[in-house]
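If you follow the hints, you should be able to join the two separate chains into one complex; please do so.
Those sequence lines, one after another, are chains A and B.
The numbering used here numbers the first residue of the first sequence as 15 and each following residue consecutively.
The numbering used here numbers the first residue of the second sequence as 607 and each following residue consecutively.
Check the hints yourself; a few may be wrong.
What the hints assert, rightly or not - Calculated lysine-lysine pairs in the DSBU-like style (CA-CA distance at most 30 angstroms, straight line):
| id | chain 1 | residue 1 | chain 2 | residue 2 |
| --- | --- | --- | --- | --- |
| 1 | B | Lys771 | A | Lys106 |
| 2 | A | Lys174 | A | Lys106 |
| 3 | B | Lys831 | A | Lys174 |
| 4 | A | Lys208 | A | Lys106 |
| 5 | A | Lys151 | B | Lys839 |
| 6 | B | Lys811 | B | Lys671 |
| 7 | A | Lys208 | B | Lys839 |
| 8 | A | Lys153 | B | Lys831 |
| 9 | A | Lys110 | A | Lys174 |
| 10 | B | Lys655 | B | Lys765 |
| 11 | A | Lys174 | B | Lys839 |
| 12 | B | Lys655 | A | Lys320 |
| 13 | A | Lys248 | B | Lys857 |
| 14 | B | Lys857 | A | Lys337 |
| 15 | A | Lys248 | B | Lys771 |
| 16 | B | Lys857 | A | Lys289 |
| 17 | A | Lys289 | A | Lys248 |
| 18 | A | Lys151 | B | Lys831 |
| 19 | A | Lys347 | B | Lys857 |
| 20 | B | Lys791 | A | Lys248 |
| 21 | B | Lys771 | A | Lys289 |
| 22 | B | Lys831 | A | Lys106 |
| 23 | A | Lys153 | B | Lys839 |
| 24 | A | Lys208 | B | Lys831 |
| 25 | B | Lys831 | A | Lys110 |
| 26 | A | Lys106 | B | Lys765 |
Treat the hints as calculated values from the structure; they're not laboratory data.
Each chain, letter by letter, is given below.
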Amino acid sequence: MSEQLETSSPRIWVFIEQEEGQPHPVSWELMGAAGRLAEELPGSVVEGVLLGHDVAGIAPLAYRYGAKRVYMIDDPLLETYRNMPYGVGVSKLVTKYTPEIFLFGATTLGRDLAGTIATRVHTGLTADCTELAIDPKQKILAATRPTFGGNLMATILCRKHRPQMATVRPRVLPMPEPLAEAEGELLREPLDLKESDIPVRRLRLIPGEEQLNIEYADVIVAGGRGVGGPGGFKLLEELADALGGVVGASRPVIDAGWLSHEHQVGQTGTTVRPKLYIAAGISGAVQHTVGMSGANFILAINSDPKAPIFQMANASIVGDLYKVIPELIRQVKGTGNGQ
Amino acid sequence: MHSVVAIKQVPDTSNVRINPETGTLIREGVPTIINPYDIHAVEMAVRIKEQFGGTVTVISMGPPKAMEALIECIEQGADRGILISDRRFGAADTLATSYVLAHTVEALLAEGPVDLLLFGKQAIDGDTGQVGPGVAARLQVPLISNAVVIESFDPVARKAVVHRKIEQGIEVIETSLPALLTVEKEIAAVKRAPLPNLINAARYKPEMWSADAPVPFDIAQVGIKGSPTIVGKAFTPTAREAGAILSVAEKGLSETVADALEMIIQANVVTIQNHNGGRP
Ligand SMILES: Cc1cc2nc3c(=O)[nH]c(=O)nc-3n(C[C@H](O)[C@H](O)[C@H](O)COP(=O)(O)OP(=O)(O)OC[C@H]3O[C@@H](n4cnc5c(N)ncnc54)[C@H](O)[C@@H]3O)c2cc1C
Ligand SMILES: Nc1ncnc2c1ncn2[C@@H]1O[C@H](COP(=O)(O)O)[C@@H](O)[C@H]1O
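The following block holds chain B by itself, in its conformation from the complex (with noise of 0.2 angstroms):
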């Protein structure tokens, strides 16, 4: 058994600053996390390594800093953990990405078999959902969007029975392996690191691959020149315009809310049928 995860390492969205001069992203002082749906991919890929024994690798493509991202899924049980760092991965798009992802699965696959691709539903920081869908069409394996459990896995029969989260509910799948997986949180809840985990990862150091070595990467296909989307221009939203403040320690309540819901009503977005106004 042969699992792997592909993980992004993300600035915490929720502590993201904007400079309101330049609209650029302020980056000094953000918060790295490993994508949150992410952690939840590698737990699931240990549970099945427990089960049926095997091995966990991680894969992310990122800057040197990303290691930590890797050291900490090492701590969550992984036993492998390769970064693909070169600058010239850089400013790669979803397209280019899944490139350089499913390149670096296909020289794991030389190795030896595959038998589960696990990526997170979205990276919070693009929010896409792209590049899991476009490494299983290189790869061309089946391909499971937003898991929510599998409810059966048999490494023998090269079979699994998946629970995908659609618009109308849950739709039970069967696929055949290896597949593709994208994760939703529920896939697998997320244990403490044990302790000899934690030990493991200190002493352990992640692989770092280059667009050269150990296997080169087709260059014309990777970071700004293998990415067909390019950023035009990045601005900060336009915000709506703040309309009337009312207060109820200023106006009473009732005034207060009579007075709101006749805007309400000025606007015509809804009939209210039995309004008599809240003033005596």
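Isolated chain A, as found in the complex (with noise of 0.2 angstroms):
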């Protein structure tokens, strides 16, 4: 089989996460990322590769996403996330047949696995990037991340190592169409270790109290400091489900205990991409609207009419949300006009 693999087409990589034979969404996002950047790379292939247990059911997803070829490495040894054997895995298949662009998303099992590889490859990779492209002239990724809380904006590139690596978080990129059908070629390839060669074991998960799952919702209802406490929530909460929404955060509100961590948007909680996204009593800060400032459409209200989210909303409502959201909750739900 692999005689027939074009040795002189550059191949792009995207790593294709998956937990329980379920593949992980940022996994799309990451091929849709990958087809814009071989039609810039003349004569490049997009390829996926596959790490698990019984999971040759995904791959033709995987072409229907775009991928021409998956790389599949099935073993019960892989059955759950261990950084070594999916460590010397990926890296075996990257020694053997050499990517030019190799993306990964920036999840906890993504940036531990990236960390490793990048390492054991003796390469370059940048975390966290909002966007990829092929620099022009030199034909290489340029990959574009934030640095120091998101005031700075850096084009970073790696010219002489290969694969170019990148992370990128879920939701930073656009979720494309798949093919409805579309046919690929899947290469199996074995892992050879064994598990005594394997220093840790996984004794239990203790499943998440709340799956939020906020980086996917349509509908984001924030609330920030000038909300004042846990109780401002329940209206915030209110709004949510009228709108089939959730509720996010600013980061004092989980530092004050208001609300779980997994409710934080921004720099170093979640990024979102919702539809619609309302911010009230957030003033804008650029750690809370890097996670953000992917939504379709803001809506701001804060009080004061110099808050920086105002710069950046679509629409913005200078007034107390105390007042401000119950009305909204009244029109939305179309109970009338509340005079």
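Right under this line is the structure:
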């Protein structure tokens, strides 16, 4: 099989992250980006890398998102993610097939793994990119990321080492439409490890209390320090319910213990990309806005007419959120004009 | 028991300002702090020392000013501080940084065993979280990232049980020792430094290692030479455009809210089923 592989065409690889056989959507977001990069790199192919146990069923989906080929290591030792066997397996694939570019989701798993691979194969890795492009002159990956807490953007290049590696957070890139049907090639590779080679074991998993899934919510009603206390979030929740959304928050809200960390949007929280983001009592610090500036529509509610959040909102209401939100709830629910 | 903790001195990014004309960082007057996660790693190492005896070594690669950060760690209860500092280490990316730190640990290993390596989850200046995984890969020790609890620690059987935070919840891992943990703040709450430690730290002088002594580093692998990535350009983020600003004080509550809802509906981002407008 491997004789058929084009040796000259640059390979753009996407790590297909899966948990219990469920592919993580960021894998497809990355496939979309890989496809756009491929257009700028003549002759290149988009391919997926898939590790796990009993995961072959994911490959056809990868073809529909644009992978021409999937390299798969399917082994019982890969049942749950462990850094060492995944690191060994993926590094072996890289050494054997020498991809030009290799993209990972900036999830807990993706960050853990990408940092390991980059060191093992001795190359550059750019974390948490917000934009991927091909530098038109040098024909290399130009990976843009925020640094210094989002105060500055930097475009990182990796000139001589291969693959050029990057991680991207879920929801930073748009989700592409899959093709209705597509064919691809599945290449199986062995892991060649024994359980006794692996220094760690998963004893158990304590499932998270809340499966909030804020990163894939279409509507987020977020509150900040201006909400003033945990009680006020009941109001935000009511509005979120009326709009079919979830509640988000800025960091002071989490630090004060008004809501759990899963709700935090921003640099040290989650990046979100909802259709509608309502920011109430949030000033608009850059560490917050880097996590939500991808929203289609931002409505800001703030009593301070000079709040920086107004500089980026599609619509802004200068007013007290304790008056504005109840009125919003009333009007959204269509229960009268609230005079 | 010997724990090694890697710490970084970082600018306090909540105070970072950007020169709008040049798009570069204004470093003057920006306070530096120990990377917030790293101080919790130090605290964890000190607690293990309190329970099992042994020593805590703190290592940092950075400019001479980073001595302050090491002394602060001595105040927190660390025994030894090593600053790896050399002009040739400048402009290192994560690959070059992980080389320098791994090589330093190797030098410590030549003196005696190391049982535990603790790193912060990420540094707030670069936010990469790559250095810990890189050092673990170089030293070929198990990596446990995003650690929140050390449930049990057995230096005799050389095993530990660690909780790590993942998207699905808390993963409980058993690992052989030595292992490298990258820690979240929950790993150990930082206590106020006790007086004897402060006195100790006031007299303490961290060691200063250069690229040549006491152990030679491979110059090809450090600093800008050893860094595969370079910054092509830096710029301030492009702002979104501001939309309409509606004022409750000027238009009245229900009118303002109705206008805002109308804009949301026009933008076609959500369907609001029962909406009948706020207008009487
Ligand atoms: C390394 C680092 C990482 C960080 N990461 C994050 C992150 O991930 N996410 C994050 O959010 N922040 C983060 N921060 C913090 C960030 O810098 C800001 O401090 C934070 O976002 C401010 O939150 P806020 O807007 O809720 O609070 P404030 O800035 O205090 O703003 C409160 C706002 O509420 C308004 N207000 C008050 N009362 C009312 C009322 N009744 N009605 C309407 N408006 C009212 C005020 O006018 C004000 O604008 C980080 C900081 C650092 C240093
Ligand atoms: N220059 C450095 N010196 C010592 N430790 C470092 C250095 N850079 C990074 N680290 C460690 O690696 C962790 C992750 O950093 P980073 O990968 O840069 O986000 C930090 O929390 C530190 O523990």
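Do the hints match the structure? See the list:
1. Lys771(B) / Lys106(A): Holds - the C-alpha atoms of Lys106(A) and Lys771(B) are around 28 angstroms apart, at most 30 angstroms.
2. Lys174(A) / Lys106(A): With Cα atoms ~20 angstroms apart, Lys174(A) and Lys106(A) stay inside 30 angstroms; holds.
3. Lys831(B) / Lys174(A): holds, 12 angstroms
4. Lys208(A) / Lys106(A): holds, 16 angstroms
5. Lys151(A) / Lys839(B): holds, 15 angstroms
6. Lys811(B) / Lys671(B): Distance ~13 angstroms between Lys811(B) and Lys671(B) Cα, so the pair holds.
7. Lys208(A) / Lys839(B): It is violated: about 46 angstroms lies between the C-alpha atoms, which goes past 30 angstroms.
8. Lys153(A) / Lys831(B): Between Lys153(A) and Lys831(B) the Cα gap is close to 22 angstroms, so the pair holds against 30 angstroms.
9. Lys110(A) / Lys174(A): Holds - the C-alpha atoms of Lys174(A) and Lys110(A) are around 18 angstroms apart, at most 30 angstroms.
10. Lys655(B) / Lys765(B): Holds: Lys655(B) and Lys765(B) sit about 16 angstroms apart, inside 30 angstroms.
11. Lys174(A) / Lys839(B): Satisfied, since the Cα-Cα distance of roughly 18 angstroms is no more than 30 angstroms.
12. Lys655(B) / Lys320(A): violated, 51 angstroms
13. Lys248(A) / Lys857(B): holds, 27 angstroms
14. Lys857(B) / Lys337(A): Holds. Lys857(B) to Lys337(A) sits at ~14 angstroms (cutoff 30 angstroms).
15. Lys248(A) / Lys771(B): holds, 28 angstroms
16. Lys857(B) / Lys289(A): It holds: about 27 angstroms lies between the C-alpha atoms, which stays within 30 angstroms.
17. Lys289(A) / Lys248(A): With a Cα-Cα distance of about 22 angstroms, the restraint between Lys289(A) and Lys248(A) holds, given a limit of 30 angstroms.
18. Lys151(A) / Lys831(B): Holds, because 23 angstroms separates the two Cα atoms, which is no more than 30 angstroms.
19. Lys347(A) / Lys857(B): holds, 22 angstroms
20. Lys791(B) / Lys248(A): holds, 28 angstroms
21. Lys771(B) / Lys289(A): Measuring from Cα to Cα gives roughly 29 angstroms; hence the hint holds.
22. Lys831(B) / Lys106(A): With a Cα-Cα distance of about 26 angstroms, the restraint between Lys831(B) and Lys106(A) holds, given a limit of 30 angstroms.
23. Lys153(A) / Lys839(B): The given pair, whose Cα atoms are some 16 angstroms apart, holds under the 30 angstroms limit.
24. Lys208(A) / Lys831(B): violated, 38 angstroms
25. Lys831(B) / Lys110(A): Within the cut-off at roughly 26 angstroms; holds.
26. Lys106(A) / Lys765(B): holds, 28 angstroms
In the structure shown, a violation is registered for the earlier hints numbered 7, 12 and 24, in ascending order.
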